[in-house]
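What follows is each chain in one-letter form.
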Amino acid sequence: MAVVLTTVVSGILLGLMYGLTGMGLTFTMGFGKTMNVAQGTLIILGAFFALTFFNAWHLNVIVLVILVMVLFGVLAGLLNLSLLRFLRDKSEIITLLVLFGVAEVIENVTSWIWTGNLQAMTIPTLQNSIQWGSLSLPKTDLVSAAIAVVATGVLYLFLQYTYLGKAIRASAQSDLYARILGVNTSQIRAIIFLIGLVLAGIAGVTVALLFPFAPQDQDQWLVMAFIVVVVGGIDNILSTLLAGLVIGVAQALAGLVVPFQDQNLILYAFLAIALLFRNNQLARRMRSL
Amino acid sequence: MIGSSAPISDAATNNTRSSLVMDKITAGYHADQWVLNGVSLRAEPERVTVVLGPNGAGKSTVLKVLYGLVAPHAGSVRVGDQDITRLPPEARLALGLAYLPQGHSVFPSLTVQENLEMGLWIYRHDRARREEALERCFAEYPVLKDLRAKLAGSLSGGQQRLLEVARLMLPNPTVLLIDEPSVGVAPNLVDILYEHIVRWRNQGKTVLLVDQNVEAAVSIADYVYTLESGRNRLDGPRDEFEGRLREVVGQWLRLDVLP
Ligand SMILES: Nc1ncnc2c1ncn2[C@@H]1O[C@H](COP(=O)(O)OP(=O)(O)OP(=O)(O)O)[C@@H](O)[C@H]1O
Ligand SMILES: [Mg+2]
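From first to last, the protein sequence lines are chains A and B. Each residue of the first sequence is one higher than the last, beginning at 36 in the working numbering. Each residue of the second sequence is one higher than the last, beginning at 808 in the working numbering.
The reader is advised that the hints may include incorrect statements.
Said to hold, decoys possible - Only part of the chain A face toward chain B is listed, based on derived beta-carbon distances under 8 Å:
(1) Gly-168
(2) Ala-205
(3) Asn-219
Note that these hints are calculated values from the structure, not bench results. No residue lacks a Cβ here, since even glycine has one placed at the ideal position from N, Cα and C.
Model the full assembly from the supplied sequences, consistent with the hints where possible.
In structure tokens, the structure reads:
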């Protein structure tokens, strides 16, 4: 019994972090109508930033997160100014291709700077576990879950209660009607892209906290983000977090019975089931139009 | 921060009664396939100016050019003595223009209150003004106050139209561009909408109305323009126009059935 409890709790903690990796993708798809295929490479880039800053200055995790957020904000600004402003009135497929290109460039640059080797960020003060009754919770898991919850919570409150957040929701429903009310929707799209990137950066820090990583791991994290999005949908960021949690718990429980090397199958099974289910939902929605 | 580059003038206290002028506008959605071919018209303060024409004549496009949603190829748009041809919609809003598009334009998954707040986006840095405007709005439309926590998408069609009208008037515009207000609206509400339009006219606002409901629109019009295939056809004061109304509309009906 204790084993199951421990498994569920660590599944929850890991799952929250999975939810965070899907958050940026959900956000850019749901609010910006853009599938950011560079999400995986951006997450890995965030992990490398965290690793480098930690090794250089031994910063604490909160400072690491803030620093990575700032750098990703700058990166988003540069991409917005250089590439994306020319894509505003191009078709979605062209935007998708350009983002593929961006992903390719980022992956190559990360391999060039940090080599293709597997690396790990080891923060000495987070290497032990917190003992809670019969539960033993690794500090890294707790910290990354907390980052996921705080990031989602802040984003949710921002969308729900700030004027800019309301304008983002309004523009997502109708770009034209928002423009008619004086909202500069190309600025809104730039802001949505920036938030999506910053979320990828934060997710990268949690990847670095929990796993060893290498530039070519980007596919794996893009797939994870995609699975989270398919399970959670793109309408609500809270259901994205919940989707991550469900996946984390399922994966952890499956780990009790399925051999380690087959655990990824669980993820793909999830994707398949979710796609089936969502297809129905989509079909129903289209029929009701 | 957003759009602060737009010259924000004071639409609410700026009581200069502005006439709106469209001068020889050529415009369209694809280069060289012009929907408007040199259209000119003028809407005056304290007047309802109506634009009529058969389907596809370019009436809605006229309003989109006036509001900055379609950039013209040639010609100019002026409000008062200011050339606004190249200004984006947010700058036109700040100059006192407001546009009610064809069809339902509420944000269904925002609440009524949030929809209204979006109507005050150009005053996002002026909380006092926003609160005052919302208070005025709720005093005028008490129904909306009761519904304010509801999602706009859950309202009836009539309530949604009311919400759109309330949101349109929140920044206290002086020039109103209204596209097909009576399409898809229950008859009793249509009467209320026309009453509103007359009231706005009497308050000194400039009203430009595009309408399929020819008879009703002409009955509240001061001046009428007709468009055919993106060109000016006839125009004149209502009294002059009313006599030829049947003849002109009859022609359109015949035009519509031609292949
Ligand atoms: N977004 C668009 N893209 C391309 N063509 C358009 C677009 N909107 C309108 N058109 C074309 O421009 C022409 C004029 O359209 P417009 O909507 O201005 O006409 P209208 O007089 O308002 O017609 P209706 O009475 O049907 O509303 C039509 O031929 C229409 O097909
Ligand atoms: Mg029209």
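Query raised in the report: Are there hints from earlier that the structure breaks, and if so, what are their numbers?
Result: Going through the list in order, the structure violates hint 1 alone and respects the others.
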